[in-house]
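J.: Take the two lone chains, each set in its own frame, and fit them into one complex as the hints suggest.
Residue-level listing of the chains:
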Amino acid sequence: NAGVTQTPKFQVLKTGQSMTLQCAQDMNHNSMYWYRQDPGMGLRLIYYSASEGTTDKGEVPNGYNVSRLNKREFSLRLESAAPSQTSVYFCASSQGAGDYGYTFGSGTRLTVV
Amino acid sequence: AQKITQTQPGMFVQEKEAVTLDCTYDTSDPSYGLFWYKQPSSGEMIFLIYQGSYDQQNATEGRYSLNFQKARKSANLVISASQLGDSAMYFCAMREVNTGGFKTIFGAGTRLFVKA
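From first to last, the protein sequence lines stand for chains A and B. Heads up: the first sequence runs through residues 1 to 113, numbered per this note's numbering. Heads up: the second sequence runs through residues 1001 to 1116, numbered per this note's numbering.
This is chain B alone, in the form it adopts within the complex (with noise of 0.2 Å):
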């Protein structure tokens, strides 16, 4: 069964404004990670943002923030005031602690594509 699962292939965003990528998770491990990454056109993995499954608030990295919803298992990440230099893939990834060790899933990833 798919763990991560990222619905928007593609997504356009204006300048300035802020842009949601939404991501949902399956696991039955009460402990777990999620993480966010992104990939430029130049290839390399970049990490943005952690959230632990036990953490009260919502992580913040700047202008990304991780909107983690347990109940509904989702952790959406928001990136607030778009750039030109925002647009690239994104990836949103897990770890189940208990259970994966120290395995790291990823999703299919989200392109964004931010809009002058």
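One chain only, chain A, in its complex shape (with noise of 0.2 Å):
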């Protein structure tokens, strides 16, 4: 019963290191999206996958990339980490565009210093 897992929970860089960020999903959904949640704006869409295979930009891509592994998998990889990433990241997935709505991950805590 696990539904989207993200790894890890908690993260502390330095500026310039890099690390990727983990999402899998147990529930055979199509899409799946990475999003940021900074206090007072909401959640920004960072990076989505409508479907295995393919990627697509949302509102706040850059010094992010993505890789949709497979079905189940959407990681987020931070290049060179700057303070601005400091952030909580979501990851969420939906069976087609998310009409039935997301099912999120429990958020991924990276400070950058």
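The hints are simulated quantities; they were obtained by calculation from the structure and are not laboratory data. Misleading hints may appear alongside valid ones.
[Claimed, not checked] Keeping only pairs whose Cα atoms sit at most 20 Å apart, straight-line, the calculated EDC-like set for lysine to aspartate or glutamate is:
1. Lys9(A) x Asp26(A)
2. Lys9(A) x Glu79(A)
3. Lys1073(B) x Asp1055(B)
4. Lys57(A) x Glu1096(B)
5. Lys1115(B) x Glu59(A)
6. Lys1103(B) x Asp38(A)
7. Lys1003(B) x Asp38(A)
8. Lys9(A) x Glu1044(B)
9. Lys1073(B) x Asp99(A)
10. Lys1103(B) x Asp1026(B)
11. Lys1103(B) x Glu73(A)
12. Lys1103(B) x Glu59(A)
13. Lys1003(B) x Asp99(A)
14. Lys1073(B) x Glu1017(B)
15. Lys1115(B) x Asp38(A)
16. Lys1103(B) x Glu79(A)
17. Lys1003(B) x Glu59(A)
18. Lys1070(B) x Glu73(A)
[As the list claims (entries may be wrong)] Reference excerpt, derived from the structure (chain B facing chain A, CB under 8 Å, subset only):
19. Tyr1050
20. Arg1095
21. Lys1103
Backbone N, C-alpha and C define an ideal beta-carbon position, used for all residues, glycine too.
T.: As structure tokens, then:
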């Protein structure tokens, strides 16, 4: 009964370091998403994957890359972390475009110092 | 231009009373979906309710209903018989079917406090 699993839950990086956030879903959903949540700004879409083999930019893609490894897994990579990327990151998945709602992971709290 | 506006940063409601959380939206796409999500203090995001732009009736899910006023471009969430467990952050969101594709955008949220 896992749903959407994100790892790690917490991470502290130094400016310029790289890391990959992992996301996996076991609901056989076609679509997956990465959002960031900052205080007072709601959630902003970074990248999404409408189906296996496709990825597209969202509202705030700069500084990030993604990989849809297979139908289950969608990773987010920060190549050279910056303090502006300090945020809570959420992965989500949906059947189709999400009109039945997204299922979210529990989030990753990332701090870049 | 901001497409989802939630003007109430915080709201208080007495337990067992009803509360309305406001949401207005802006789109020129005739086909769109509207959503509400709940984020408790534990941090997870929980889908509550969905309304399609062509739906004739307001959506309801248990104690949640969406007051959809298309001409006013508003999609307010009504929670009936508030419970202490309803204390959380609530986000309104929208997907523009033709112009937005798979992108769902979120408002800044309203924090609801339920008082015993």
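J.: It remains to establish, for every hint, whether it holds in the given structure.
T.: How the hints compare with the structure:
1. Lys9(A) x Asp26(A): OK: Lys9(A) and Asp26(A) at ~18 Å, within 20 Å.
2. Lys9(A) x Glu79(A): 19 Å, holds
3. Lys1073(B) x Asp1055(B): Holds. Lys1073(B) to Asp1055(B) sits at ~14 Å (cutoff 20 Å).
4. Lys57(A) x Glu1096(B): Given that 20 Å is the threshold and the Cα spacing comes to 16 Å, the pair holds.
5. Lys1115(B) x Glu59(A): 37 Å, violated
6. Lys1103(B) x Asp38(A): 18 Å, holds
7. Lys1003(B) x Asp38(A): The given pair, whose Cα atoms are some 17 Å apart, holds under the 20 Å limit.
8. Lys9(A) x Glu1044(B): 12 Å, holds
9. Lys1073(B) x Asp99(A): With a Cα-Cα distance of about 19 Å, the restraint between Lys1073(B) and Asp99(A) holds, given a limit of 20 Å.
10. Lys1103(B) x Asp1026(B): Since the Cα atoms of Lys1103(B) and Asp1026(B) sit roughly 15 Å apart, the hinted pair holds (cutoff 20 Å).
11. Lys1103(B) x Glu73(A): 19 Å, holds
12. Lys1103(B) x Glu59(A): 9 Å, holds
13. Lys1003(B) x Asp99(A): 18 Å, holds
14. Lys1073(B) x Glu1017(B): 26 Å, violated
15. Lys1115(B) x Asp38(A): Roughly 27 Å separates the two Cα atoms, so the pair is violated.
16. Lys1103(B) x Glu79(A): 24 Å, violated
17. Lys1003(B) x Glu59(A): Answer holds: Lys1003(B) to Glu59(A) is near 13 Å, not above 20 Å.
18. Lys1070(B) x Glu73(A): Since the Cα atoms of Lys1070(B) and Glu73(A) sit roughly 38 Å apart, the hinted pair is violated (cutoff 20 Å).
19. Tyr1050: At 6 Å from the nearest chain A Cβ, Tyr1050(B) passes the 8 Å test, so the hint holds.
20. Arg1095: 6 Å, holds
21. Lys1103: Given a least distance of 6 Å, the restraint on Lys1103(B) holds.
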